[in-house]
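Asks: Using the hints, position chain B against chain A.
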Amino acid sequence: MDFFESDIFLIAATFLIYWGARRLQALTGWTLLNPVLVTIIVIIGALKISGLTYETYSESGRLIEFWLKPAIVALGLPLYLQLREIRRQFVPIFLSQIAGCVVGIVSVVLIAQFLGASRDVVVSLVPKSVTTPIAIEVSRQIGGIPSLTAAIVVCVGLLGSIFGFKVLTIGHIGSQIARSISMGTAAHVIGTTRATELGDRAAAYATLGLIINGVLTAILADPLLRLMGI
Amino acid sequence: MVKQCAIIFGCLCAGEFLAFIAGLPIPGSIIGMLLLTGLLQTKVVKVEDINGVCRFLVSNMAFFFVPPGVALMLYFDVIAKEWLPITVATVVSTALVLIVTGAVHQVYHKKFNRRSHR
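Residue numbers (the working numbering), protein chains in the order written: chain A, 1 to 230; chain B, 231 to 348.
These are calculated hints, taken from the structure and not from any lab test.
Note that this is a predicted model, so its numbers are computed, not measured.
All C-beta atoms, glycine included, are put in the ideal place defined by N, C-alpha and C.
Among these hints, one or two may not hold up.
[As the list claims (entries may be wrong)] Result set (DSBU-like, lysine-lysine): computed pairs, CA atoms no more than 35 Å apart in a straight line:
hint, chain 1, residue 1, chain 2, residue 2
1, B, K311, A, K166
2, B, K273, A, K166
3, B, K311, A, K48
4, B, K233, B, K276
5, B, K340, B, K311
6, B, K233, A, K166
[Said to hold, decoys possible] Over 10 Å on every C-beta distance to chain B, these chain A residues come out as not near it, computed from the model:
hint, residue
7, F3
8, F9
9, T28
10, G29
11, I43
12, G61
13, R62
14, E85
15, Q113
16, A150
17, E197
18, L198
19, A203
20, A204
21, G214
22, G229
Chain A on its own, in the form it takes in the complex (with noise of 0.2 Å):
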């Protein structure tokens, strides 16, 4: 039982486990099929079955997590890659990601605060939009549920990405650079992945939106909440 509880065993796991799902999406083409949701829902299973609690787990599982700081400092590449559009579209590029970075805290909150959700869940929900190093940073940094944070904004992704174009299409927004940010800045990696099928300048945007509104709401959530009394 000994090696099934080891790091190497666990994380060789978690690698083959993601890889057969990466295949699995490559070979349906179908989006629900997500590799990380697919990954955390087998090795959730298998540790259900196999009786291994989830602190065995994550103490292996820490060694991947870890990544996610250095991730997020390597978001500055495209960032600055994005540099020059950004400075030609500063006014429409930061309005509207203000804009979207304060709606979405703001009525997240409103509405499961409406419907009887408890603190912790509140919480938990506001860096739904960003991508996920950075929502799991801003949830621990205001109180939440950073696991609970995680799964939720792989949702929000999923949801973005099958329905986001929609979603914009019922709200008259026909221009594609403000379709490209509004995937970015609503579903993350997940939004600008579907924004990239687009083409070049669509992913550029998208990857501004995800960038900016990530920084935005590590920045604003904190005294957004205050303000709300939360």
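Replies: Coordinates of chain B only, in the frame set by chain A:
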């Protein structure tokens, strides 16, 4: 490879330190990201100096959040109890973010373009 990691972890470490001494409500990793952008902008660091490792980290970012996602199994009871507010708030708010972000950009952009065509 070593140099690339040194630069990235250097930025991360400096970011964590700044967040710590300034008591900022921003994660140190975000400050580290902005530091890296600043270093690239001022040409202290060249794109080639970090390109490989940055690309690797950014393109595999999704994988790193499998372990925090697995922790979901600890909160099945919370989700079972509060699935309604979680679902409604998430779906409605995501749709609002999409439309508001797009609308603000589109409206401003149209105005701006009209002005420049005069």
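Asks: Against each hint, give a clear statement of whether it holds in the structure.
Replies: Here's how the hints hold up against the structure:
1. K311(B) x K166(A): Roughly 31 Å separates the two Cα atoms, so the pair holds.
2. K273(B) x K166(A): With a Cα-Cα distance of about 42 Å, the restraint between K273(B) and K166(A) is violated, given a limit of 35 Å.
3. K311(B) x K48(A): holds (20 Å)
4. K233(B) x K276(B): At roughly 12 Å apart (the allowed maximum being 35 Å), K276(B) and K233(B) satisfy the hint.
5. K340(B) x K311(B): Given pair K340(B), K311(B) is violated - Cα atoms ~46 Å apart, limit 35 Å.
6. K233(B) x K166(A): Given pair K233(B), K166(A) is violated - Cα atoms ~45 Å apart, limit 35 Å.
7. F3: At about 20 Å from chain B, F3(A) clears the 10 Å cut-off, so the statement holds.
8. F9: Non-interface label on F9(A) holds, nearest chain B Cβ at 15 Å vs cutoff 10 Å.
9. T28: holds (18 Å)
10. G29: G29(A) clear of chain B: closest Cβ-Cβ about 17 Å, beyond 10 Å.
11. I43: violated (5 Å)
12. G61: Contrary to the label, G61(A) does not stay out of reach of chain B, its closest Cβ about 3 Å off (not over 10 Å).
13. R62: violated (7 Å)
14. E85: Consistent with the label, E85(A) stays out of reach of chain B, its closest Cβ about 13 Å off (over 10 Å).
15. Q113: Per Cβ check, Q113(A) is inside 10 Å of chain B; nearest 8 Å; violated.
16. A150: Violated, since 4 Å does not exceed 10 Å.
17. E197: Label holds. Min Cβ-Cβ 16 Å, cutoff 10 Å.
18. L198: holds (14 Å)
19. A203: holds (13 Å)
20. A204: Its Cβ never comes within 10 Å of chain B, the nearest being 14 Å, so this holds.
21. G214: Label violated. Min Cβ-Cβ 7 Å, cutoff 10 Å.
22. G229: holds (17 Å)
Violated hints, listed in ascending order, are 2, 5, 6, 11, 12, 13, 15, 16, 21; each of the other numbered hints is respected by the structure.
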